[in-house]
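S.K.: Positions in the sequence shown are counted from 1; adding 4 to them yields the working numbering.
A hint or two may mislead.
[Stated by the list, open to error] Ranges between beta-carbon positions, derived for each pair:
(1) F95 with K126: 25 to 35 Å
(2) K89 with D117: 12 to 22 Å
(3) K77 with G43: 41 to 51 Å
(4) K100 with R133: 21 to 31 Å
(5) Y90 with R150: 32 to 42 Å
(6) R27 with G111: 52 to 62 Å
(7) V69 with T36: 28 to 38 Å
(8) D55 with K89: 47 to 57 Å
(9) K100 with K161: 57 to 67 Å
(10) G111 with E149: 35 to 45 Å
(11) R150 with K126: 31 to 41 Å
(12) N44 with K80: 18 to 28 Å
(13) K29 with N132: 35 to 45 Å
(14) F95 with E59: 24 to 34 Å
Just so you know, these hints were derived from the structure itself, not from any lab.
In this text the structure is predicted, and so the values were computed from the model without any measurement.
For each residue, glycine too, the CB sits at the ideal point set by N, CA and C.
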Amino acid sequence: MMGLDLEVEEKEVRTTPKTRTKRTKELLEENTKKLDELGNEHEALEKEMNDINGEAATLGDKDVVGLTIDHEKFGKGKISTQDGKYIEVEFKDVVKKFVLPGAIAEGYLRIDDEELLDYFKKRNDVHNRLLKVQVAIRSNEFAAERIRDDIEKLKEKA
């Protein structure tokens, strides 16, 4: 009777790894497919980012030093310095820093020049879309890294 029990146990041991191996192969295939999809999505996001950067380059940068603005709390002021996206505005009693293009596009600083206002609104739209795509790219890269880790673990099992 002992011999029969061993044969039964051996059969069970042989059956279990086959099931695990089959499931592992299925998981490897699913993860590889997901990784390919993420790769395609990443390419599309990179293309979108390049397109948006092209729009930004077409819009260019405007020098606004000397521009007179109006602020709800501080009143009239003049932009005294511009360093990239940062500007300093001299008001009657205080100097304040603001970030372009949002400060003008979102109405914190009001200007009379409609054409320049339109420029800052377009520039702000481009800026926001670029931020959104950059976040999507980081998320995509994180997901791809997780799947690569899963694939490595599954390969170790197989």
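S.K.: Work down the list of hints and note, for each, if the structure agrees.
M.R.: Against the structure, the hints:
A C-beta distance of roughly 27 Å is found between F95 and K126, which places it inside the suggested range of 25 to 35 Å. Roughly 19 Å separates the CB atoms of K89 and D117, a value that falls within the hinted 12 to 22 Å. Taking 41 to 51 Å as the suggested C-beta distance range, the pair K77 and G43 conforms, at roughly 49 Å. Taking 21 to 31 Å as the suggested C-beta distance range, the pair K100 and R133 conforms, at roughly 27 Å.
Our hint of 32 to 42 Å for Y90 and R150 holds, since their Cβ atoms are close to 37 Å apart. The hinted window of 52 to 62 Å between R27 and G111 holds, with their beta carbons roughly 58 Å apart. Remark: the range hint 28 to 38 Å for V69 to T36 is contradicted by a beta-carbon distance near 55 Å. For D55 and K89, the Cβ-Cβ distance of about 21 Å falls outside the hinted range of 47 to 57 Å, so the restraint is violated.
Under the hint 57 to 67 Å, the C-beta atoms of K100 and K161, about 60 Å apart, fit the expected range. Between G111 and E149 the Cβ separation comes to about 40 Å, which falls inside the hinted range of 35 to 45 Å. In this structure the supplied range 31 to 41 Å holds for R150 paired with K126, their Cβ-Cβ distance being about 37 Å. A hinted range of 18 to 28 Å is violated for the C-beta pair N44 and K80, which are about 53 Å apart.
As the Cβ distance of K29 to N132 is approximately 44 Å, the hint placing it in 35 to 45 Å holds. Taking 24 to 34 Å as the suggested C-beta distance range, the pair F95 and E59 conforms, at roughly 33 Å.
Taken one by one, the earlier hints fail for this structure at numbers 7, 8 and 12, listed in ascending order.
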